[in-house]
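Modelling step: build the complete structure from the supplied sequences, incorporating the hints.
Chain order of the listed sequences is A and B.
Residue 6 is where the first sequence starts when you use this note's numbering, and the numbers rise one by one after that.
Residue 12 is where the second sequence starts when you use this note's numbering, and the numbers rise one by one after that.
Hint data in this document are derived by calculation from the structure and do not stem from the laboratory.
It cannot be assumed that every hint is accurate.
Said to hold, decoys possible - With a straight-line cut-off of 25 Å between C-alpha atoms, the simulated SDA-like cross-links for lysine to any residue are: (1) LYS531/B - GLU201/B; (2) LYS13/A - GLU201/B; (3) LYS11/A - ILE69/B; (4) LYS478/B - VAL340/B; (5) LYS389/B - ASP124/A; (6) LYS125/A - GLY440/B; (7) LYS362/B - ASN156/A; (8) LYS32/B - ARG227/B; (9) LYS389/B - CYS83/A; (10) LYS11/A - ASN167/B; (11) LYS172/A - ASN156/A; (12) LYS84/A - ARG227/B; (13) LYS10/A - ILE65/B; (14) LYS431/B - GLY410/B; (15) LYS157/A - GLU321/B; (16) LYS125/A - GLY410/B; (17) LYS478/B - ASN38/A; (18) LYS13/B - ARG157/B; (19) LYS431/B - THR123/A; (20) LYS170/A - ASP124/A; (21) LYS478/B - HIS277/B; (22) LYS11/A - ILE66/B.
Said to hold, decoys possible - Label pairs and their in silico Cβ distance ranges: (23) LYS402/B - ASP95/A: 25 to 33 Å; (24) VAL47/A - LEU246/B: 21 to 29 Å; (25) ILE19/A - GLU556/B: 45 to 53 Å.
The beta-carbon is built from N, C-alpha and C at its ideal position, and this holds for glycine as well.
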Amino acid sequence: MPMEKKQKRLYLRIAILAVLVAAIVYTIYTTANKNDVKLLKVGDDAPNFSLVDLNGKTHKLSDYKGQGVLLNFWGTWCKPCKKEMPAINDQYKEFKDQGIQILGINIAQSELEVTSFTDKLGVEFPIVIDKTRSVMRAYNVDPLPATILINKDGKIENIITGEMKEKEINQYLNSIKP
Amino acid sequence: MKNITCECGHVNPEGTHLCEKCGRPLTEEEKHAKVVDMKYEGRAIRSKTYNKTIIDKIWNFFSSVKVGVSIIVITLVAAAIGTFLPQVMYVNVMQGEDAKQAYIDNYGTFGKIYYNLGLSDIYSSWWFQTLIGMLAISIIAASIDRGVPLYKSLKNQRVKRHESFMKRQRIFGEKEIAADKAEESLNLAEKKMKELKYKVRREDGVLLAEKNRFARSGPYINHVGLIIFLFGVMLRLMPGFYIDESLWIREGETASIPGMDGYYLHNNKFTFETYKKEEQKQEFNQSKAAVNSIAKNYQSDVVLYQSKDEGIAGETQDMKKVAHHAIQVNKPLKYDGYALYQMDFKLNELKAMNFNLVNKKTGKSLGEVDIDLTEPKKEYDLGSGSKVEVKGYYPTFSGFDDGEPQSDSPLPNNPAFIFKMYTPETPKGETSFVAIKQTLEPLGTTKYQMKFQNIETRNVSGLTIRKDRTLPILAIGGIIFMLGVVIGSYWSHRRLWLQRTNDGRLLLAAHTNKNWFSMKKDLDAVTTYAHLPLWVDQQEEDEKEMEEKEGDNTL
Numbered sequence: 006m007p008m009e010k011k012q013k014r015l016y017l018r019i020a021i022l023a024v025l026v027a028a029i030v031y032t033i034y035t036t037a038n039k040n041d042v043k044l045l046k047v048g049d050d051a052p053n054f055s056l057v058d059l060n061g062k063t064h065k066l067s068d069y070k071g072q073g074v075l076l077n078f079w080g081t082w083c084k085p086c087k088k089e090m091p092a093i094n095d096q097y098k099e100f101k102d103q104g105i106q107i108l109g110i111n112i113a114q115s116e117l118e119v120t121s122f123t124d125k126l127g128v129e130f131p132i133v134i135d136k137t138r139s140v141m142r143a144y145n146v147d148p149l150p151a152t153i154l155i156n157k158d159g160k161i162e163n164i165i166t167g168e169m170k171e172k173e174i175n176q177y178l179n180s181i182k183p
Numbered sequence: 012m013k014n015i016t017c018e019c020g021h022v023n024p025e026g027t028h029l030c031e032k033c034g035r036p037l038t039e040e041e042k043h044a045k046v047v048d049m050k051y052e053g054r055a056i057r058s059k060t061y062n063k064t065i066i067d068k069i070w071n072f073f074s075s076v077k078v079g080v081s082i083i084v085i086t087l088v089a090a091a092i093g094t095f096l097p098q099v100m101y102v103n104v105m106q107g108e109d110a111k112q113a114y115i116d117n118y119g120t121f122g123k124i125y126y127n128l129g130l131s132d133i134y135s136s137w138w139f140q141t142l143i144g145m146l147a148i149s150i151i152a153a154s155i156d157r158g159v160p161l162y163k164s165l166k167n168q169r170v171k172r173h174e175s176f177m178k179r180q181r182i183f184g185e186k187e188i189a190a191d192k193a194e195e196s197l198n199l200a201e202k203k204m205k206e207l208k209y210k211v212r213r214e215d216g217v218l219l220a221e222k223n224r225f226a227r228s229g230p231y232i233n234h235v236g237l238i239i240f241l242f243g244v245m246l247r248l249m250p251g252f253y254i255d256e257s258l259w260i261r262e263g264e265t266a267s268i269p270g271m272d273g274y275y276l277h278n279n280k281f282t283f284e285t286y287k288k289e290e291q292k293q294e295f296n297q298s299k300a301a302v303n304s305i306a307k308n309y310q311s312d313v314v315l316y317q318s319k320d321e322g323i324a325g326e327t328q329d330m331k332k333v334a335h336h337a338i339q340v341n342k343p344l345k346y347d348g349y350a351l352y353q354m355d356f357k358l359n360e361l362k363a364m365n366f367n368l369v370n371k372k373t374g375k376s377l378g379e380v381d382i383d384l385t386e387p388k389k390e391y392d393l394g395s396g397s398k399v400e401v402k403g404y405y406p407t408f409s410g411f412d413d414g415e416p417q418s419d420s421p422l423p424n425n426p427a428f429i430f431k432m433y434t435p436e437t438p439k440g441e442t443s444f445v446a447i448k449q450t451l452e453p454l455g456t457t458k459y460q461m462k463f464q465n466i467e468t469r470n471v472s473g474l475t476i477r478k479d480r481t482l483p484i485l486a487i488g489g490i491i492f493m494l495g496v497v498i499g500s501y502w503s504h505r506r507l508w509l510q511r512t513n514d515g516r517l518l519l520a521a522h523t524n525k526n527w528f529s530m531k532k533d534l535d536a537v538t539t540y541a542h543l544p545l546w547v548d549q550q551e552e553d554e555k556e557m558e559e560k561e562g563d564n565t566l
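Encoded structure:
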């Protein structure tokens, strides 16, 4: 048997084994991570969306390119959401003229509930209602509150689930300041 | 590597049983055997030819049939154990409970052991998947190592084989014959075998008739099918190939569909019907009707919309209606590779509440207020100077916190309101807190009240969204697999060798990989016709001899 042929056979065997081992590793890896598969990861492009706020103004994420954007998903029944909302509002006042946008995204509640909630807390940043849960699904938001930080290039900088303290919000907003 | 040089001068690789060129037996074993082992045409199985590098060693491990069978057995046993108890995804886990507790509650100590050993999610375990992967490697390595030499050997086979090869075939016969008679026999044999749809090749004094060589490829074809099938199953893990999501959607609601970007679903109506008494068969009425009625239909009437730009979530301005369908069990709405199935339902969720604004003393009504619980209005004008303002709405009222009503869910499970009622009699307004079976007047006694009249309810459809792009791949894999099985089972590779020796004999040998009966039928047809030597089945002879030696066991 000539040497070249043997070499060829060895390479073929290496190639076949490599492909199959890669397939096994891939299968095990993805199955192991199946349960916490986040459709979204830090560094991904933030999915674009368009929702109308309580004043009738349309907010389209792509219009805010060049600015830092904080998305806060919330609901009136969610206690930690209620707790962090005033802190977000205070930080909004501080950062709103520094190229930062804050959007509160309510999950499919009635306008009455949302307005009475925000009026009571004196929320100044725009609040939109995700009636069809489309944005919630696009961002794979499950437990509330969830906060997504998007940098000026439209990439996701950070994903926070659970209540935030005012100091943390301050740090997060500084991190996405253009 | 040691090569084996045959007497005919051909150099064979180590491990060859029968010379690749002339068919002479090369190993001591084959030389002494009455019938040679024709598996893989006596070619060296590739893995056995060299064993130098680590890659070769791994390859040879997987190429072994023993290893392959062991992997199959272990996989089957593991898969069987996985069916002892329901897998974790099918176990009903109560809220606030973990899966382990559910196994203990349902199945006791055995359930606990089962869970702790990780058998409750066996098919997702790394070791089960490794087993399947090893099975794939084994199938590929074993097929290549055996299939390639077999293919080459059959492709390059010579018409003339050595006498020792022919003698050791299961079917063999010989007789003395004159040269001209032998030639005539070969001519007749060629004619007959061609009639029987054999391909006939001839050289000086030798003949090879062959039929259905492709039957030998059956096992290799079905291995290809298996590998495609496994690949299809693996593809399910890749994003976009397999979607299995669920959606709860209320009547009148429009919701985005999980897993279907850019699509929205509107639920017009959910219907649950049972058979009426007169529709049911007599036997059902006698026994079961007393306990419960039998379901006839679960149906969601839905409309599917597609947004103009699927890249923009929440964009519901310019939606296009693309389908409307009555989803019933086994009649899904199918669109663009997706299928929406009727899976579950909830009946009679609160939708609207109807109140009457009445004077407590006189009972005189100033008008009715119909409150849509999904979108209550801020203010309801009753005309003639009366109106009701909704100051607060609590869909699932759960008590007061710091004097303020709380709601712990967005669903109207236990709605409560704070109303401010204005009438010509009470122009400044009166405040009242109204919940189910509870009315509070926090700011003093009121003259008027919101008297609960009735409720409207609606149903909720539970749908499952499925997409499986791997189905065509699985189908192709399955078809190829079956094709291999059919080819391997229903056709047999048959060969007949005839040879006139220099010392004036005519040799006959025949081989088939299965169905010797048919081979013998073909032989019977040709031997008399072409005056060929009488043949014997050497294996059957052996068996007969054995039986005779063992004597009568029938006692």
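Self-check item: Agreement of LYS11/A and ILE66/B with the hint, judged by alpha carbon distance not exceeding 25 Å
Solution: holds (12 Å)
Self-check item: Restraint check for LYS478/B with HIS277/B, where alpha carbons must lie at most 25 Å apart
Solution: holds (20 Å)
Quiz item: CA of LYS157/A to CA of GLU321/B, is that 25 Å or under?
Solution: Given pair LYS157/A, GLU321/B holds - Cα atoms ~23 Å apart, limit 25 Å.
Self-check item: Hinted pair LYS389/B and CYS83/A, Cα distance within 25 Å
Solution: Within the cut-off at roughly 22 Å; holds.
Quiz item: Between VAL47/A and LEU246/B, is the Cβ distance one that fits in 21 to 29 Å?
Solution: Holds: the Cβ-Cβ distance is about 27 Å, inside 21 to 29 Å.
Practice problem: With 45 to 53 Å as the target window, see if ILE19/A and GLU556/B comply at their CB atoms. | Solution: About 51 Å separates the Cβ atoms of ILE19/A and GLU556/B, which means 45 to 53 Å holds.
Exercise. Verify the proposed pairing of LYS170/A with ASP124/A, using a straight-line Cα cut of 25 Å.
Key: holds (21 Å)
Practice problem: Given the hint that LYS531/B pairs with GLU201/B, test it: the Cα-Cα distance must not exceed 25 Å. | Solution: holds (17 Å)
Exercise. Compare the distance between the alpha carbons of LYS10/A and ILE65/B with 25 Å, and conclude whether the hinted pair is satisfied.
Key: holds (18 Å)
Quiz prompt | Hinted pair LYS11/A and ASN167/B, Cα distance within 25 Å | solution = With a Cα-Cα distance of about 21 Å, the restraint between LYS11/A and ASN167/B holds, given a limit of 25 Å.
Self-check item: Holds or violated: LYS431/B to THR123/A, with C-alpha atoms at most 25 Å apart
Solution: holds (19 Å)
Self-check item: Pair hint LYS478/B and ASN38/A, alpha-carbon separation not exceeding 25 Å
Solution: holds (20 Å)
Comparing the model with each numbered hint stated earlier shows that hints 2, 7 and 12 do not hold.
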